[in-house]
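Visitor: Listed here are the chains, written in short residue letters.
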Amino acid sequence: MARKTVFKIFAFCLAVGVVLTALSKVFVLKTVHTGDLQEGLYLSDDSYDVVFMGGSHMNGGMDPNVLWEKHGISSFNYATGGQPIAETYHLLREVLQKHKNPVVVLDVFYLAMSDPYGDDAWISIPLDNMRFSWNKLETIRDCTPPSEWIYSLVPILKYHYRWSELTINDLFYDNSARYYAKGFGAGTNRYGKPMTAFADTEEKASIPAKNLEYLNKIIELSKSENFPLVFVNLPCDYSDTDKDEDWVDDCEALFNTVADLAEQNGIPFLDYYDKIKEIGLDFPNDMNNAGHLNVWGAGKVSAHFGNYLKQNYSLADHRYEPSYAQWWTDYRKSSAYCVLHLPVPSGV
Amino acid sequence: MSFVSFRFLLFFPLVTFLYFVIPQKFRWIWLLAASYYFFMSWDAYPVLFLFLSTVITWLGGILTAKAGKRSDGKADFLKKAVLAVSLAANIGILCTFKYLDFFGELGSWLCAAFGVQAAAPRFGLAAPVGISFYTFRVLSYSMDVYRGDAPPERNLGKYALFVSFFPQLVAGPIEKAKNFLPQFAEAHSFDLERAKRGLLKMFWGYFEKMVVADRLGKLVDTVYAAPQSHYGLEVAVGTVFFAFQLYCDFDGYSNIALGACEILGFRGSENFKRPYFSKSIKEFWKRWHITLGSWFWDYLYLPLGGNRCSKLRHGLNLMAVFIVCGLWHGAALSFVAWGALHGLYQVVGLLLRPGKNRLEKRLNIRQNALWFKAVRAGCTFVLVDFAWIFFRADGFRQAVLLIRNLFRFDPAAFWNGTLFGLGLSAPEFWAGVVGIAVVAAVGFLGRGRDLRESFLSRGRVFRWTVCTASVLAIVIFGVYGPISGSGQFIYSQF
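Chains as they are written, first to last, in the numbering used here: chain A, 1 to 348; chain B, 1 to 494.
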């Protein structure tokens with residue numbers, strides 16, 4: 001009798017659990033990153049020689065289609081807005097399941113976030129789009145407060161309110177409007193204001209403990225998984241974030257610490273904040289807003305970074321390989337082609 | 001730890017499982033520990049006041065019994081003295097937390113009326129959760145023991161469990177000691193059929209609270225947060241929605257509490273019997289918050305003389321009981337006005353009764369005619385709902401403003417979509433209306449028959465399909481979670 005009761009309870013919970021899990025996919029909020037992450041993590045069969053990881057600065061700063069057009073480098077941008085470094089670590093582990101030994105380019109901007117978790121709405125974006133795995137469970141454990149675990153584990157409990165706004169796209173999600181961007185997403189706004197330049201400083205600011213822990217984990221991972229790591233900081237007006245309560249006060253001092261740490265570990269660190277003149281960035285015209293590059297700014301930074309990669313890593317040029325013909329089809333839909341008008345080379 | 005929280009969904013099965021696993025003689029200890037943990041999950045320090053109330057009334061019970069055995073003629077005096085101390089201490093604690101600022105303000109206002117300027121200090125004490133409910137529970141124990149209706153409980157632990165029993169701690173039902181205390185001495189074994197019935201009751205409670213009450217609450221909050229900006233239909237819909245929000249919130253809470261009791265083997269008292277089907281205000285109070293009404297009946301209305309006195313005194317008794325009832329709900333003039341209005345309804349009802357009876361006779365109206373019952377129920381609902389304005393408004397002045405705005409009618413509100421801009425989109429609004437219809441339909445179908453029994457006698461496929469669909473309905477259409485927000489139970493504030 002007792003065994004039968006337990007079985008019935010278990011069967012009922014299982015049935016409800018299966019239905020809720022299936023429905024969760026429908027209810028999860030679909031953002032521009034949904035299509036990007038699904039493409040980069042699970043749908044695409046391409047192999048990427050370079051992967052970009054980090055927050056919104058990286059997402060709108062490095063355009064894989066520019067790297068493709070100029071150097072034939074296959075790359076994908078996995079960065080999403082507001083991504084804390086702990087989540088970047090777990091997302092990188094997810095990426096490495098499929099792509100072995102790529103050059104991993106890490107946006108270090110979010111090392112300055114002092115909140116141990118960050119904004120739930122941002123954290124949810126990678127989490128909601130990761131398939132169920134041990135790594136996902138660890139991501140939930142490390143990146144969300146315990147009171148939020150259940151919502152990350154069964155997303156319908158968080159997104160059930162969307163029942164009245166569901167569309168056919170939620171039922172049969174289609175990323176055809178995004179896949180060709182290879183994860184990159186920048187605006188076409190012109191900021192129009194000059195940068196509030198910060199004075200150079202020799203000061204060093206501590207990296208918040210949790211961020212340092214996960215930065216070290218990423219460094220360890222690069223050694224154990226044998227992939228090259230590059231640190232990048234993209235141009236932005238720090239005066240914006242310096243005002244935030246959950247942000248380190250002196251970003252310049254923090255990046256000095258990052259530079260030291262990179263040097264100690266033999267990791268290149270490209271701080272584009274200091275290279276604005278070198279790459280010819282026109283802040284008012286090449287920024288989408290105070291913190292993010294626009295399509296034109298990203299084009300300049302990506303072109304510079306492509307040159308850097310070509311000079312320092314032996315990356316294959318896939319442009320003329322027949323198996324990469326689809327990349328040119330994708331390229332013709334990209335902002336690099338449609339907005340920057342970078343030409344398609346002859347003979348491809 | 002609210003009933004509507006994942007913590008409770010882990011807490012309750014764990015408590016239940018261990019309750020039936022551990023030996024009978026230790027079970028009350030386990031329930032007591034669980035109840036105190038449950039209480040302290042809100043805030044730890046008020047547990048001192050809970051314990052203080054428990055000890056005072058427990059000691060009072062023992063001393064009352066001891067005094068009753070005396071034969072030197074002082075028994076009555078001593079019993080009265082013990083009861084007075086017990087009542088004064090508990091009402092004192094309740095007043096300190098709930099009414100100190102209110103009476104201070106009232107004092108200042110009275111002084112000002114006589115031309116004396118005196119500003120009373122504001123203490124802003126946060127009342128321990130469920131204080132009004134557990135205080136009434138201990139007071140009923142003290143009075144039952146004094147009257148000899150219940151024997152004193154010798155075991156402090158078991159008495160403490162009666163006071164703090166977690167399913168009923170936050171918002172009742174307000175059990176009387178003579179009915180509930182003996183149940184802690186009973187041996188309960190796990191009964192699957194009883195557990196199924198309890199779970200169904202809990203399910204229904206969650207549906208009422210999460211799908212209906214909290215959804216309606218969004219529109220109600222929008223209207224009542226800015227009474228100066230809403231008129232006519234908006235206020236009317238907000239007030240009708242509040243009537244159902246409050247009912248679904250409190251009946252939902254009571255069903256979860258009673259379902260939990262039933263699973264554990266306890267028989268709790270029903271708090272609601274389809275109150276909005278009442279055909280008079282008097283009947284309404286026999287169907288709404290029954291355990292509170294019964295408390296006031298036993299311990300205030302009857303001791304005041306009830307209706308076995310002059311008409312004037314009867315009317316005054318009714319007014320006194322309902323004003324205290326209003327004050328019990330909250331330390332504000334608007335609650336007093338709400339209570340007074342209900343008292344007034346009843347007094348006017350008494351005065352009009354002879355004329356009403358004569359008119360019904362002359363018009364040859366059959367009391368049992370469906371249309372007549374529907375009209376009476378409709379009129380009662382209008383009166384009750386009108387009074388809810390005072391209950392819900394943030395103060396007396398806001399209530400008056402809302403009533404004034406209620407009669408500034410803009411017919412365009414029927415078709416220009418105004419109603420869908422009050423915190424609920426059109427689909428959410430209609431979902432709320434469907435929720436009300438479902439609650440009303442279940443109430444209607446439940447007249448004179450046990451719906452749970454009917455459901456459990458159906459085939460397995462039907463039962464499983466309905467249960468799974470119900471869980472999914474609560475998960476999908478419920479209002480909870482980090483984005484859509486989750487409300488505490490309204491009555492837990494009292």
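These are calculated hints, taken from the structure and not from any lab test.
Glycine residues also receive a C-beta, built at the ideal position from the N, C-alpha and C atoms.
Heads up, some of the hints might be wrong.
[As the list claims (entries may be wrong)] Straight-line Cα separation of at most 27 Å, DSS-like style, residue types lysine-lysine; simulated pairs:
| # | chain 1 | residue 1 | chain 2 | residue 2 |
| --- | --- | --- | --- | --- |
| 1 | B | K80 | B | K66 |
| 2 | B | K196 | A | K8 |
| 3 | A | K310 | A | K277 |
| 4 | A | K217 | A | K204 |
| 5 | A | K4 | B | K196 |
| 6 | A | K70 | A | K100 |
[Claimed, not checked] These stretches of chain B come out as covered by chain A in the derived footprint (C-beta under 8 Å, 3 or more residues):
| # | region |
| --- | --- |
| 7 | 21 to 34 |
| 8 | 226 to 237 |
Visitor: What are the numbers of the hints the structure violates, in ascending order?
Guide: 7, 8
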